[in-house]
Amino acid sequence: MKFRIMGTVAVAAVAAVVGVTLSQPAAAKTLVFCSEGSPGGFNPSLHSAGTDFDASAQPIYNRLAEFEPGTTKVVPGLAESWTASSDGLSYTFKLRKGVKWHSNKHFTPTRDFNADDILYSFNRQWKEDHPYHGVSGGKYLYFGWMDMGPALNAIEKIDDYTVKITLNAPDAPFVSNLAMDFASILSAEYADKMVAAGTMETVDTDPIGTGPFEFVSYKKDAFIRFKAFDAYWEGRPKVDKLVYAITVDPSVRYQKLKAGECHIMPYPNPADLDAMKKDSNINLLSQEGLNVGYLGFNAEKKPFDDVRVRQALSMAINKQAILDVVFKGAGSAAKNPIPPTMWSYNDAVKDYPYDPAAAKKLLGDAGVKGLKTNIWAMPVQRPYNPNARRMAELIQADWAKVGVEAEIVTYEWGEYRKRIRAGEHDTALLGWTGDNGDPDNFMFVLLGCEAAKSNVARWCNKEFDGLLRAAKKTSDQAERTKLYEKAQLVFKADAPWFTIAHSVQFRPVRKEVMGFKIHPLGSHIFKYVDLK
Amino acid sequence: MFSFLFNRLAILVPVFFGVTLMAFGFIRILPGDPVVALSGERSISPEQHAALLAKLGMDRPLWEQYFEYITNILQGDFGTSLLTNRPILDEFMELFPATVELGICAMIFAVVLGLPAGIFAAVKRRTFFDQGIMGLSLVGYSMPIFWWGLLLIILFSSILGLTPVSGRLSFMFEVEPVTGFLLIDSLLGDEEGAFGSALHHLVLPSIVLGTIPLAIIARQTRSAMLEVLSEDYVRTARAKGLAPIRVYGLHALRNAMITVITVIGLQVGVLLAGAILTETIFSWPGIGKWIIFSVFSRDYFAVQGGLVLIAMCIMTVNLIVDMMYGLINPRILHTR
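If you read the protein sequences in the order shown, they are chains A and B.
For the first sequence, the residue numbers in my numbering are 18 to 549.
For the second sequence, the residue numbers in my numbering are 251 to 586.
Simulated from the structure, these hints should not be mistaken for laboratory data.
Because the structure is a prediction, the values reported are computed rather than measured.
Heads up, a few of these hints could be off.
[Unchecked claim] Simulated pairs of lysine-lysine, DSS-like, Cα-Cα distance not exceeding 25 Å:
#1 B:K305 / A:K144
#2 A:K435 / B:K490
#3 A:K503 / A:K490
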């Protein structure tokens, strides 16, 4: 074994000399992103994980509307402008002229982007009789999750640069949905050409978009290569090449970042954060994520149908201890169901204080004595909850102090959600990561009366629901803000959730990287990034 | 010879069906289903759930699903990945050469160092060298791969800057896949420096993956040599006054090699198991990393197909090793 150590040194040294002498410096400006996994494919309507969107929607495609990098503000994208009808039922989009498509070995575009591309991209997902609907597996999960099918009434081409979308009911957050990755616009001309060639799947494997980077090649589990698109409508990106070096393990990603083998890495290991802060070659960027972690009380079960019990149990939990122990500083206390980076966040809402004595009294007032209950803890790590089991133990100990005996329950992740949907729990830990930056996407989806049948709190408050429905009907953001602010007050008073935390997301980047911003929705956007 | 081969092949048939049944069964006794796994925190309606399950063919009785599955496998169709929608066999064949390349390099590393270390320990029996080598091999055998990999990365890549942290090739090179073996493809291509880069990237993962086989080979070589060294013909060779190098190299080692080759054959399974961890640490695009990723992302069909394909590889290697015994020692051919 002595040989082994000597051998290790010798082989490493010889290979190092060979490698160093043979490696060549890159002439072009190449940005390397140590991504966390291989994408499922390159069509963001078919592949709906964050890893898929980073590899397809952001570099390759555009959407009718876009999120301004670093915010959830919706700004014009492939549509230069849009107007809503007074009844909120139809939206007319004026499309941008002179937008060029990428080209590859299968396809050279003969025309610019126009209304046909919009119709193709949406009809493929929406209409089951569309020739492309069943291609590449035909599972349009996000389109379904956002209830786009039931929402849409018609998509019409008025002329080459005008499209009108009619809805079945007024739905103000709809425009935010159009800025989401699944609503990326693909080329109808490319699709037609691949029908003629008899290789329809090619549109999903060899992507053609209008985005800042052209797809070059992909080697599963190794690399994705892109090059800057010279004719990009917002102007050519500042780097010439973009490479995703697929690196699954977060500690290894960090070593690669330190060694200068990549410039930006996502999802660092929390244990490495301190070292990153001290590293002079690395900037550790951070921002509150667009998420919320909570403990939901099953309002259909006794005694949780009594608001006093929910309030008392909320007051019995030491939130700061959870932030310190479970989040280790990478989380901020949550008092509303939406995170503070989101418009309409109501900072005037007062959170329940940690007050075991008051909690005990309130439980007494509600006639609850010797309560035996359960706390469901998720078996997985999520952005909004790094360690549900530990969190449940802290809550269990806090509740014991006010005479509530709780048992911790956990199931496999799929089973966990299935049983929660069936309402088997008394209280359960869960959370949410936003899709489109609209408050509706948190409050209506998680707490509206329609969701009450299937969600953790099984809570339906007519006043709260009325406010959300009113906010859906108007596209005036100032008015919507007022309605959501009021809804947050109603929510807090009725306490269907014990709101726990919004986690902070970290992105270590090397010092030579300029212009990179963390996106609240979690996407990685490189079109404005440059290297020193 | 043919009846020997026939017997070995006949044993493989029930093993193959057992493996497919286990791969099929294990995935299905897990709680939850792929549709629930795909939908995250979202609540999907029972109708949406049923429609998606039907699309995946998972709404039918289990025996029907298994029958279709086994029929497809016999026709070379291992199913389609839930995640990428590509045939599982294509994905496997794309990644398999990377695992084989790493495995071969790890084995070369293990043999080149393990064999001399074992011989040396046997020759210097009961000395400080022997105890040192055996002690170190015990350490190597017990080394947690994940920890060992990270340790080498931190030392050689981060601190000394001698080796790349992970991956299979520098992103500056783009080698057109011909055989899938990067060392060969980089020589076939015209990119200068690609071969060096590929070799450079192989160093640390080969050391990490080869460590356990190295320890085992060193120990086995030592014990095989010790056994042979006490034989009469070795004593005779010594008595003849032959030089020690001829005694150990020619007379003893040749006979000890039978045991050593057996051990090397058995290490193939160990290498495939070790590849799962090594490939994950070094972002090595092989089947070990692929199967782990498929498990984490609940790609049920990829896990199912991958397990069967890996089992088939191990069965094939075992068959080849069995055949080799037969060739080395013809007496085995006549035993049942």
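Checked hints:
1. With a CA separation close to 16 Å, the supplied pair K305 (chain B) and K144 (chain A) stays within the 25 Å bound.
2. Distance restraint check for K435 (chain A) and K490 (chain B): the Cα-Cα separation of roughly 80 Å exceeds the 25 Å cut-off, and the hinted pair is therefore not satisfied.
3. With a C-alpha separation of about 16 Å, the suggested pair K503 (chain A) and K490 (chain A) falls inside the 25 Å cut-off, and the hint holds.
Hint compliance for this structure: hint 2 is the single one not met.
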